[in-house]
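The hints should help you fit chain Y onto chain E, whose structure is shown.
Residue numbers (our numbering), protein chains in the order written: chain E, 1 to 439; chain Y, 1 to 334.
Don't read these hints as lab results, they were simulated from the structure.
Don't be surprised by glycine CBs; every beta carbon is placed ideally from N, CA and C.
Any given hint could be a false lead.
[Said to hold, decoys possible] Restraint-style ranges between C-beta atoms, simulated for each label pair:
#, chain 1, residue 1, chain 2, residue 2, range
1, Y, L55, E, K342, 34 to 44 angstroms
2, E, A417, Y, Q181, 20 to 30 angstroms
3, Y, A114, E, K428, 21 to 31 angstroms
4, Y, L143, E, T423, 52 to 62 angstroms
5, Y, R141, E, A417, 40 to 50 angstroms
6, Y, E53, E, G252, 52 to 62 angstroms
7, Y, L106, E, K190, 39 to 49 angstroms
8, E, W83, Y, L316, 31 to 41 angstroms
9, Y, L55, E, K134, 50 to 60 angstroms
10, Y, L106, E, K168, 46 to 56 angstroms
11, E, T62, Y, L110, 48 to 58 angstroms
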Amino acid sequence: MRRSPARTAVTVTLAAALTAVTAACGGGSSTDGEGSNDKPKELTYWASNQGTSIADDKQKLTPELKRFEKKTGIKVKLEVIPWDSLLDRILAATSSGQGPDVLNIGNTWSSSLQATGALLPWDDEHMAKIGGAKRFTPSALAATGARDKDPAAVPIYSLAYGLYYNKKMFKDAGIDEPPATWDELVKDGKKLTGGGKYGIAVEGGDPVENSHHAFILGKQHGADFFDASGKPDFDSPGAVKAVKQYVDLLAGNKIAAPGNAEYAKRETIRDFATGKAAMLLWQAAATSIKSNGMKQSEYGVAPLPVQAPGSGEKGTRSMVAGINMAVFKNTDNIDGAMEFVKFMTSDEEQRTLNAAYGSIPPVKAAQNDEAFDTADLKVLREVLTTSSAPLPQVPDESKFETLVGTATKELFADAAAGRKVTTDSVQKELSAAQQQMRK
Amino acid sequence: MTTLSPPGTSRPADAKGPAGDGPERPRRRRILPDRLRRAGLPYLLLLPALILEVLIHLAPMAVGVVMSFKELTQQYIRNWDQAPWIGAGNFRIAVDVNAPVGEALLHSFLITCAFTVLAVSLAWLLGVTAAILMQESFRGRGLLRALFLTPYALPVYTAVITWSFLLQRDGGMVNHVIHDQLGLTDSEPFWLIGDNSFIALVVVSVWRTWPFAFLILMAALQNIPRELYEAAQVDGAGIRQQIRRITLPSLRPVNQVLVLVLFLWTFNDFNVPYILFGKSAPEAADLISIHIYQSSFVTWDFGSGSAMSVLLLVFLLVVTCGYLLATGRGRKSR
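Only chain E is shown next, with the shape it has when bound in the complex (with noise of 0.2 angstroms):
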């Protein structure tokens, strides 16, 4: 028993620090108030990847936030966040309390992010000082957390999917208008396939971006991917159709090329703008086509197509898409966030961000500007008003993007590999996504 002593010191030790690091994960996150004023000259800001890359973000935000610091002597430290690891750095700061003032977020995960408790609610008292909702597009609101709660964020950039098609290819093709339905899309697409070239690109190694497709053509199925409770119902057979669609742009009809199977990093739009694929889907794709070095001259811009002309959930051409922005809830500066939204959301910065981004603003005031009477912007922006829908508004939504868009992504593999891509297979791959949600 020599070492008795000593070894009790060690325990001690070891029990003593123990307590300490638990108790302080315990602490860090207990500030149930709505933020404080401690700081009230500084916010940090978290931004989403819009522009071309996170320099390119720098550059077309850090002159509005100088705008801002000057008007009310408040300095904004910003970092730009890549897309991939944005939502991870949220659930790391809303777990230890320790995160920005002010965020953006995909408005996809608004319900799911606003079911932590993370962000501040919109109430009246707080809308009021931005100029209330009415300042802002019904759809771009309807986007913001669920329907019976107060919104966990504002609209700040509205986005829509849109049909992108290479005007010269589809000439020499001899296709006089873009497809209206998804039967023109395939024959088209099949017209234009051939010779190292194909009708249309997608990306399929991108969950996020799968999930996207599989709940717009789930609509225009008929499907929803939760029922009116918020369970999920990922292998209805509207839902079977609508993936089984998607992924038959590469598997039956082949008109995408086997590789997208892999593509995760935007190669979609570089195939397109550099005349390897006719037609891309995405989302107000202006500024990355550009980059890529083709003019705009060079492309049209198209609503998606639908099943059958008709209108109605079955009409749906693309969901509610965008980025909304969100107070943190432990912000040391509420004041001063709550300025900065206001000042973010203000008609002149919503006509300029917008503007450099492509995107089209949420803020009804900021849309009449020439910037936005782009033969593109003009179209989503009409997608957006008639015949978008949001995605489910419902906690587990963040779970659907991940596991149908990764479902989606095993099949596009399986395609790509030679594969047959069946009705079965792909309700036993949804199936499977399904099951993990319950426990």
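Relative to chain E, chain Y alone:
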């Protein structure tokens, strides 16, 4: 633990020493008994390191264990204290191999085992071969050594992202060589999705780790006395016999540690698959670290992810202890 046994404690003669100087010397009052003071010094010196070790390694582990017994889903991540305890619920789901979650975990575990065995043995084989071949000095040996060590010196992100470009199906170097130039395959294979992704993963992992094996074994070879080889040559032993009878047995203690370290690194590797495949690894290359990451971060269920981590920790502990016991017994008998 034997190295930690404090010196002095086992020397009762010491304690008697001062008392023998006579009673006239006034005894200073001490807060701690003499014995403890002496015994405590080494521990005191170790304390800073120990505290850091606890804070950096053990505490997160303990927190992870605590988390694994909670239902830590998105509703609760902001306020951990309020997450309900669910006992062994997370574990039950993780080990229930007839349900989808457990089945996927088991699949991932088996993939990881196969991957680890392949990658470690290939890395070791390459390392030992290169080390033996580089023993003799020849022109350009230094250059070659430096070249071999490059993968180990490169930052992992840079190195693996380069591999991911090489392995792209369209326009990747690998396909350009094996399909366009050598014509080995009928069509261009995929490396980053589908079944081939397993091969890609093994290759990149071996490429990353073998220089370490090479480096360690090279150092170990320097310690084998030349005389042994000379004696063997005199006795007429060929190169193969020399390797089998002298080199490999002499490397045994180094190999023991090396293989263990390689095993732990490879089994736990997160960087390589994450950079190569992104958040959702293809089924054929769904390593356990990525799988756990998916289970916690992507589906926002940190309790379930922690439970899987704890299972992994237990498994690795058992393997490590078993390995050390098995090889340690061998060492004692020598």
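Hints, one by one, checked against the model:
{"no.": "1", "hint": "L55/Y x K342/E: 34 to 44 angstroms", "verdict": "holds, 42 angstroms"}
{"no.": "2", "hint": "A417/E x Q181/Y: 20 to 30 angstroms", "verdict": "holds, 23 angstroms"}
{"no.": "3", "hint": "A114/Y x K428/E: 21 to 31 angstroms", "verdict": "holds, 24 angstroms"}
{"no.": "4", "hint": "L143/Y x T423/E: 52 to 62 angstroms", "verdict": "holds, 59 angstroms"}
{"no.": "5", "hint": "R141/Y x A417/E: 40 to 50 angstroms", "verdict": "holds, 44 angstroms"}
{"no.": "6", "hint": "E53/Y x G252/E: 52 to 62 angstroms", "verdict": "holds, 58 angstroms"}
{"no.": "7", "hint": "L106/Y x K190/E: 39 to 49 angstroms", "verdict": "holds, 43 angstroms"}
{"no.": "8", "hint": "W83/E x L316/Y: 31 to 41 angstroms", "verdict": "holds, 33 angstroms"}
{"no.": "9", "hint": "L55/Y x K134/E: 50 to 60 angstroms", "verdict": "holds, 52 angstroms"}
{"no.": "10", "hint": "L106/Y x K168/E: 46 to 56 angstroms", "verdict": "holds, 53 angstroms"}
{"no.": "11", "hint": "T62/E x L110/Y: 48 to 58 angstroms", "verdict": "holds, 50 angstroms"}
When each numbered hint is compared with the structure, no violation occurs for any of them.
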